[in-house]
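Note that the protein sequences, when read in sequence, are chains E and W.
Just so we're on the same page, my numbering is the position in the first sequence counted from 1, plus 1038.
Just so we're on the same page, my numbering is the position in the second sequence counted from 1, plus 3.
One or more of the hints may lead you astray.
What the hints assert, rightly or not - For lysine-lysine, the following DSS-like pairs were computed, each having C-alpha atoms within a straight-line distance of at most 30 Å:
hint, chain 1, residue 1, chain 2, residue 2
1, W, Lys69, E, Lys1150
2, E, Lys1074, W, Lys20
3, W, Lys119, W, Lys79
4, W, Lys99, E, Lys1171
5, E, Lys1139, E, Lys1231
6, E, Lys1061, W, Lys99
7, E, Lys1042, W, Lys79
8, W, Lys70, W, Lys48
9, W, Lys20, E, Lys1061
As the list claims (entries may be wrong) - Covered, in the sense of this in silico footprint (three residues per stretch, anywhere, with C-beta under 8 Å from a C-beta of chain E), are these stretches of chain W:
hint, stretch
10, 33-44
11, 72-82
No lab work stands behind these hints, which were simulated from the structure alone.
A virtual CB, placed ideally from N, CA and C, is assigned to each residue, including glycine.
Here are the chains, one letter per residue:
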Amino acid sequence: MLTKMQKDVLTEILNINMGSAAKVLSELTNQKVILKIPSLDLQSGNEIGFKLFDKSSDFRSSVLSTVRFGKNFSGKAYIIIPFEDAKELVNACTGSYDNEKEIFSEDIDVIKEISNVILNSLIGEFGNLLNVKLSFSFPNVEFAEISAFENSVLPLDMHFLTMCTSFLLLKSKVKGMIFIALSTSSQNMLISKINEMLAAINE
Amino acid sequence: MKFLIVDDSNFVKQYLKNYISEAYPSADFELASSGEEAFIIYVDKKPDIIITDLLMPGTGGIEFVKKVRENDGDTKIVVLTADIQKTVREEVESLKINAFINKPATKNGILSAVSKLLC
């Protein structure tokens, strides 16, 4: 269980990291990016899907990009974009605007690259904070109806520190959610670091 | 002037080629999607400047750069990566590369790096 102060510090860390990721997204799309305050939770795998995707029907049919990161600090990170918005995001990055709604293989390539850059930026900052080297998997992109993966996002019987935030591209109205789940050992590593930071402030 | 662009993303290879072509219309380009493919092209075509990603299927960018540097210290190497970790930057810079750029690469960022290497 996180104390209020630990949660405050972690929220602020995530805010800062999300700022780096938003800068990257803004440069890719040449648009202003609006962020929401991140939420933090300690959840079991079978709680995550329900809590996350119950919030909005916009995400019913979505493009899901997943990156695993690991070694000393490990977990999974997801970017979830409503299907209709995914094509807009590709157009915003490539600068080409057609009326085509379908997502083609070259669009998947763009989505993978966007996900890679954003999630590297976000998770990499944790590596810098903890002074550990992180390895990243290649992004995996899939289309899904949210109900189909609600219960398979993470192992059901494990607990995870989950961090969730959302973004909006102002001009093209593309919205998305970013979700990070940390393993228990990684959660402990992060909390130790936060405790160090709090102790240093109180000296 | 011959460039070898190495990235598993066609999107990245295309925008890099477009940016560089605009500034250097007579540039030639070879493209590769992995370290293995890139090394074969490097041995065959002897590019002047290599621009490479790090995370790629098969042989990644770090292994590729090491192999190139085992062969010669003269070919200019620019690393272009989404990885923002300081530890990774330090590791890569120890391989005696010529420039390190974080993605997303702006046109100015890429052209600035390339123009410095051509001086």
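Hints versus structure:
| no. | hint | result |
| --- | --- | --- |
| 1 | W:Lys69 - E:Lys1150 | holds (26 Å) |
| 2 | E:Lys1074 - W:Lys20 | violated (36 Å) |
| 3 | W:Lys119 - W:Lys79 | holds (11 Å) |
| 4 | W:Lys99 - E:Lys1171 | holds (20 Å) |
| 5 | E:Lys1139 - E:Lys1231 | violated (45 Å) |
| 6 | E:Lys1061 - W:Lys99 | holds (29 Å) |
| 7 | E:Lys1042 - W:Lys79 | violated (51 Å) |
| 8 | W:Lys70 - W:Lys48 | holds (15 Å) |
| 9 | W:Lys20 - E:Lys1061 | holds (24 Å) |
| 10 | 33-44 | violated (count 0) |
| 11 | 72-82 | violated (count 0) |
In terms of the numbered hints stated before, the structure departs from hints 2, 5, 7, 10 and 11, listed from lowest to highest.
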